[in-house]
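Here's the letter readout for the chains.
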Amino acid sequence: MRYSLLALARQAFRGNRHWQPVWRDTEPRPSYDVVIVGGGGHGLATAYYLAKQHGVRNVAVVEKGWIGSGNAGRNTTIIRSNYLLPGNEPFYERSMKLWEGLEQDLNYNAMVSQRGVLNVYHSDAQRDAFARRGNAMRLAGADAEMLDAEAVRRMLPFLDFDNARFPIKGGLLQRRGGTARHDAVVWGYARGASDRGVDIIQNCEVTRFLRDGSRIVGLNTTKGTIRCGKVGLAVAGSSSRVAKLLGLKLPIESHLLQAFVSEAIKPLIPCVVTFGAGHFYVSQSDKGGLVFGGDIDGYNSYAQRGNLPVVEDVCEGGMALMPAIGRLRLLRSWAGLVDMSMDGSPIIDRTPFNGLYLNAGWCYGGFKATPASGWCFAHLLAQDQPDPVASAFRLDRFETGHLIDEKGQGAQPNLH
Amino acid sequence: MSEFVYYGDPVQRPDPVAADAPRRFYEAVYLRDNPAGPHEELWYHANGCRGWLRVSRDTRTHDVLGASFAGK
Amino acid sequence: MADTALSGLSALPHIGMQTQPGGGVTITERYGLGIATMQARQGQDVSLRERIRQHFLLELPGRPAIVRTGSVSFTGIGPHHWLAVSAGGGHLFSSSLRALVTPLASVSDQSGGYVVFRVGGRAIRDTLAKGFPIDLDPRAFKPGDAATTIVSHIGATIWRCDDGADGSACFEIALFRSLSQSFWEWFVSSAAEFGYQWQGTTQQ
Ligand SMILES: Cc1cc2nc3c(=O)[nH]c(=O)nc-3n(C[C@H](O)[C@H](O)[C@H](O)COP(=O)(O)OP(=O)(O)OC[C@H]3O[C@@H](n4cnc5c(N)ncnc54)[C@H](O)[C@@H]3O)c2cc1C
Ligand SMILES: [Zn+2]
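Residue numbers (the numbering used here), protein chains in the order written: chain R, 1 to 416; chain C, 417 to 488; chain U, 489 to 692.
These are calculated hints, taken from the structure and not from any lab test. All C-beta atoms in this analysis are idealised placements derived from N, C-alpha and C, irrespective of residue type, glycine included. There may be inaccurate statements among the hints.
What the hints assert, rightly or not - Chain C residues, not near chain U, derived (Cβ > 10 Å throughout): (1) S418; (2) L458; (3) R466.
To be verified - Estimated spans, in silico, between C-beta atoms of each pair: (4) C/R466 <-> R/S31: 57 to 63 Å; (5) U/H641 <-> C/R470: 50 to 56 Å; (6) U/D533 <-> C/V427: 38 to 44 Å; (7) R/E312 <-> U/P501: 26 to 32 Å; (8) R/G408 <-> C/Y423: 14 to 20 Å; (9) R/L308 <-> U/T507: 42 to 48 Å; (10) U/H641 <-> C/V480: 19 to 25 Å; (11) R/L308 <-> U/R529: 46 to 52 Å.
What the hints assert, rightly or not - Under 10 Å between C-beta atoms, here's a sample of chain U residues computed to sit facing chain C: (12) L500; (13) G504; (14) P552; (15) A553; (16) V555; (17) G558; (18) S559; (19) I565; (20) P567; (21) H569; (22) P626; (23) H641; (24) A644; (25) T645.
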């Protein structure tokens, strides 16, 4: 069913009793041309673009829990293309352009809201770094504006501008950045893929790879054996665990990232704001809650459960930037399992196994990448060639020295 | 931020004059087992005695299974 | 020559007589202390313990704990590493300690480097819990126990003293003197709901 004003009206007059499930929940068939492992945003977007752009429709997405139960359903929904390095920025700008047309393309309301992403800066050196980043963004076709303190004040008069330690000197604004509703993105891609014949199989964990020499020919899952021509891994924080089934060691550590939501308040924060002197970023949801987060917990973990020192650190960052929120109560917090790569940038590439393709290393920032990641991974799976904007995301770059290290931190994932 | 700082896997520095040194350095610096379960790792007691600890910890539960001084 | 003698200053000379009604906690600065860190040289742990035992008639703690004799205390702050505090003596204390333990250990004077606060009162645990990440419950942290940790981002060593006559808890906290103003600000904001009293400096 296509969503439209007319469909909405028709359903309303019939008491809203005739809505259909948005996508088909299926059991596995014996074989597929392509099996995507992982029903997060990236896996589902990959299946969608495989079917839509490349006509590859004999596809299954297998998900060990339910779709969107991983990071896709846990993130703070920020989308932006404000990267510095040439290996990254064109890819993220591609993603931004896909976001801009996503709802029309999917015929699904993903609540894409281009409310702007503002990174405030607190020193001359930071201003220079942001100016450089803004210029790099514009060279890649993205939008970027440098704001002085007065311009920031007009947007967010309640920030602590005259803080003795970290005065706010201005900000780098990407107006086209913003937020999108994370689970609507999952459901929208699932629907688009499902409508084009893709099977979405939940509660189906991949437990073993079937090989013919170095070629992958199928998978054992908790719902039986599935034969396939190609396998695409898009399991985010579980990448190392799944790769280990093949004895493959990845340049990845799994870490925790927490997120927080406060009680709802009147509209206060019109855009996404990031603090330049600590780990804190925030936006306000349409329901009124402040959605915020900060740094990763800092040690390897598969627990999907964060610890208190980071809660304190994030709240301190928030208080330093906007003391006005001091009386707000925290409603909920949770954590996701993020796949931290050794240079902070992702991998979309072939692997040493024929027929096995890898999409991983999204760190704490892969939600914004969902459309382009799916687009480029589908391209790679269908054509066996990387899409030009993702051609730097090679698995062997750590060995050849072609790192894409935005922060210049080296192989220390808890610092990226 | 807190009392202890995480340093990650304790890797042995490979022999720099070995014939396959580049490959071994690549593996030591960039590849990780990243297990879900017991994990050997280094922690630095930064806001404390500034000692290095070798800790065994379950990455699924955060239970510390054992700790010893790293130098030993 | 009296004019040229340098006398110590309080770490918080500008506090005045600060009080917040409520009577929850008290804070005092121990003033005029001789403070030194002592670190055993490699392989000299046993000999150092013996030397300290003979001279002070006490056993150096091999864990985070404090032992006292007369006016001198030793607190374990790391492997083979102690914080020695003497009530009085200033920097002369470290000279005499160094003379005693050379060449078994290295001694550095910290009399001007550290400040020691004594805190107590019925709400002291609730106050400290806002900044110390460790468990200071009486069952977990007994008199004589010590810990080198942080308080509100500030590196600190804390030990538990004997309870006061009224049964309320008492702790001492050593931290870098240059951070005492930060500590003070954390302390008074954390203690505000209970009430606090700054009792000035004490010569012991
Ligand atoms: C708290 C938090 C906040 C974040 N905020 C942002 C943000 O504001 N902006 C941004 O751009 N990014 C953000 N991210 C990062 C972003 O969410 C992730 O990078 C992105 O969602 C990862 O891709 P995915 O959606 O495909 O992953 P996931 O949703 O994690 O999908 C992977 C799926 O694989 C499944 N799986 C694992 N093992 C198996 C197996 N053996 N068999 C079958 N299935 C398996 C999992 O169950 C999971 O559903 C955030 C992440 C977290 C945790
Ligand atoms: Zn220690």
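Taking the hints in turn, this is what the structure says about them:
Once the 10 Å rule is applied to beta carbons, C/S418 is inconsistent with being away from chain U; the minimum gap is 7 Å. Listed as outside the interface, C/L458 is consistent with that label: its C-beta sits roughly 16 Å from the nearest C-beta of chain U, beyond the 10 Å cut-off. Interface exclusion of C/R466 from chain U breaks down, the closest Cβ pair being 7 Å apart, not more than 10 Å. Under the hint 57 to 63 Å, the C-beta atoms of C/R466 and R/S31, about 58 Å apart, fit the expected range.
A C-beta distance of roughly 26 Å is found between U/H641 and C/R470, which places it outside the suggested range of 50 to 56 Å. For U/D533 and C/V427, the Cβ-Cβ distance of about 30 Å falls outside the hinted range of 38 to 44 Å, so the restraint is violated. Our hint of 26 to 32 Å for R/E312 and U/P501 holds, since their Cβ atoms are close to 31 Å apart. Checked against the given bound of 14 to 20 Å, the beta carbons of R/G408 and C/Y423, roughly 18 Å apart, stay inside it.
For R/L308 and U/T507, the hinted distance range of 42 to 48 Å is not satisfied, since their beta carbons lie about 32 Å from each other. Checked against the given bound of 19 to 25 Å, the beta carbons of U/H641 and C/V480, roughly 23 Å apart, stay inside it. For the hinted restraint 46 to 52 Å between R/L308 and U/R529, the CB-CB distance of approximately 39 Å leaves it violated. Hint status for U/L500: violated, given a least beta-carbon distance of 22 Å to chain C, over 10 Å.
For U/G504, the interface hint is violated, since its Cβ never comes within 10 Å of a Cβ in chain C; the closest pair sits about 31 Å apart. Because the smallest distance between the Cβ of U/P552 and any Cβ of chain C comes to about 9 Å, under 10 Å, the interface hint for this residue holds. Among the interface hints, the one on U/A553 is violated; its C-beta lies about 14 Å from the nearest C-beta in chain C, farther than the 10 Å criterion. With a cut of 10 Å, the hint placing U/V555 at the interface with chain C is violated, because the nearest CB-to-CB distance is about 18 Å.
The restraint placing U/G558 at the interface with chain C is violated, with a minimum CB-CB distance near 27 Å, outside the 10 Å limit. Annotation: interface hint on U/S559 violated; nearest CB of chain C at approximately 25 Å, more than 10 Å. Given hint, U/I565 at the interface with chain C, holds; its Cβ is 6 Å from that chain's nearest Cβ, closer than 10 Å. Taken as an interface hint, U/P567 checks out: its beta carbon lies about 6 Å from the nearest beta carbon of chain C, inside 10 Å.
A distance limit of 10 Å between C-beta atoms decides the matter here; for U/H569 the minimum to chain C is near 6 Å, and the interface restraint holds. At about 22 Å, the closest approach between the beta carbon of U/P626 and any beta carbon in chain C exceeds 10 Å, and the interface hint on this residue is violated. A least Cβ separation of about 8 Å between U/H641 and chain C falls short of the 10 Å threshold, and the interface hint therefore holds. Interface hint at U/A644: satisfied, since its Cβ lies 8 Å from the closest Cβ of chain C, which is below the 10 Å cut-off.
Hint on U/T645 holds. Least Cβ distance to chain C is approximately 9 Å, under the 10 Å limit.
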